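A.B. asks: Below are the chains, spelled out letter by letter.
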Amino acid sequence: MSVDIVVPQDMWGDSTEGVVVTWIYQNGASVAKGQPVAEVMVEKAQLELVAPASGKLTILAAPETVIGRDQVVGRIETA
Amino acid sequence: MAQPIPAAAPGSERTLTMARAGREAVFSEMRKNPNMFVIGEDVAKLGGVFGTTVGMAEEFGASRIIDTPISETGFIGIATGAAMAGMRPIVEIAFVDFIGVCFNQIYNFAAKTHYMSGGQFKVPLTFMIGYGGGYNDAAQHSQTLFATLGHVPGIKIVTPADAYDAKGLMASCLQDDNVTVWMVHKRLWGLGWLGFPLPKALATVPEHDYTIPFGQSRIWRDGGDVTIVGLGLTVHNALQAAEQLASEGISAEVLDLRSVVPLDREGIFKSVAKTGRLVVADEDYMSFGVTSEVLAVVAERDPTVLKAPAVRVAYPDVPVPFSRPMEDFCLPNVERIIAAVKSTMKGKK
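Those sequence lines, one after another, are chains U and B.
Position 77 (the first sequence) corresponds to 77 in this note's numbering; numbering is contiguous.
Position 3 (the second sequence) corresponds to 3 in this note's numbering; numbering is contiguous.
Hints were generated in silico from the structure; no laboratory data involved.
Small disclaimer: the values here were computed from a predicted structure and weren't measured.
Heads up, some of the hints might be wrong.
[To be verified] Keeping only pairs whose Cα atoms sit at most 20 Å apart, straight-line, the calculated EDC-like set for lysine to aspartate or glutamate is: (1) B/K45 <-> U/D10; (2) B/K32 <-> B/D177; (3) B/K348 <-> B/D328; (4) U/K56 <-> B/E13.
[Said to hold, decoys possible] Computed footprint of chain B on chain U, listed as stretches where at least three residues anywhere in the stretch have a Cβ under 8 Å from a Cβ of chain B: (5) 3–16; (6) 41–49.
We put the CB at the ideal spot given by N, CA and C, even for glycine.
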């Protein structure tokens with residue numbers, strides 16, 4: 001089974017878009033639910049995306065990619 | 001409190017930005033030391049202008065993460081007194097330029113009290129400071145000022161070039177019993193709005209605590225023809241320069257000072273004795289600066305190891321211009337380092 005990493009609706013205020021700054025884990029890494037996995041920037045604020053499940057990480061949005069609310073930026077394959 | 005995070009599985013190392021790595025050391029030391037606190041502008045609600053204290057107000061509360069008015073003299077005085085009384089303050093000064101406001105507290109009180117009290121008072125005070133230009137912030141928000149601080153006895157100064165060093169050097173600063181300054185170039189924080197992380201500034205950072213000793217330089221790249229000494233951002237400039245020089249058959253060694261004070265004089269001399277040529281790259285002002293001190297190491301020990309005159313690539317002795325083309329002209333960039341190296345290679349057999 002796989003669980004999408006989605007940019008939460010309430011992640012930031014009025015801005016319509018942000019950008020991926022960096023992924024904390026490499027593509028294919030094992031991550032645990034609740035761990036921060038990526039840093040994203042909205043205007044000048046740095047925010048975190050956390051793993052929604054434990055499993056193997058697939059990165060879909062590369063660093064420096066513009067992202068929006070509800071966008072799927074990564075995926076976690078659960079065991 | 002955050003949930004305990006399971007140990008990383010193989011292949012799951014974390015690659016951290018310097019801001020996050022430095023913060024991790026602060027979190028860890030704050031948990032161990034109830035006497036440790038953070039004070040400065042925008043450290044609580046905002047989490048630090050450069051993200052140095054994100055999440056700390058939530059964990060440690062308002063008595064340990066203290067937002068202050070815009071009065072560096074006041075809060076550095078408070079921190080110095082608190083340190084003398086047995087606390088372990090961490091002072092966040094976003095821009096090194098602001099130390100001018102409060103230099104009396106720093107160089108007459110914080111730096112000298114341990115000596116002047118015959119060792120009766122320690123001043124375990126750590127500054128975390130951003131520095132550097134390259135983003136049009138003009139003369140009062142773009143300086144580097146290593147030498148301004150380094151000139152005064154009693155202040156240890158480190159400047160990491162990647163996230164691994166950021167965490168280890170921060171831990172060393174926080175565990176030291178006198179004044180330490182942890183400085184990060186703004187281009188290296190990895191915050192996005194100051195530029196996306198440089199690939200080599202990101203690093204695999206262990207979750208466990210570790211320290212990096214003061215005064216221990218780091219060789220990022222081995223070479224035989226010339227030593228390029230850098231620190232902070234100029235390490236990355238030097239690595240790019242070394243890459244290009246390699247394609248032209250010049251083998252450059254890149255030495256990262258990591259500490260300004262104490263300076264790794266042994267390490268500098270050892271590398272230059274091996275390569276016979278020296279270029280020093282620093283974003284601080286040229287005169288009376290880090291570059292001069294590095295050259296002095298070789299001049300005092302044995303200048304005959306040099307096959308060519310040493311070259312300094314530093315900031316010209318002018319205020320940082322606002323104009324981007326003028327600022328770019330002044331910065332110690334890759335091209336200037338390459339030109340400096342080539343000037344040492346003339347007539348090489």
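A.B. asks: All hints, please: hold or fail.
C.D. replies: Against the structure, the hints:
| no. | hint | verdict |
| --- | --- | --- |
| 1 | B/K45 <-> U/D10 | 19 Å, holds |
| 2 | B/K32 <-> B/D177 | 15 Å, holds |
| 3 | B/K348 <-> B/D328 | 30 Å, violated |
| 4 | U/K56 <-> B/E13 | 13 Å, holds |
| 5 | 3–16 | violated (count 0) |
| 6 | 41–49 | holds (count 4) |
Hints 3, 5 from the list above are not met by this structure, while the remaining hints are.
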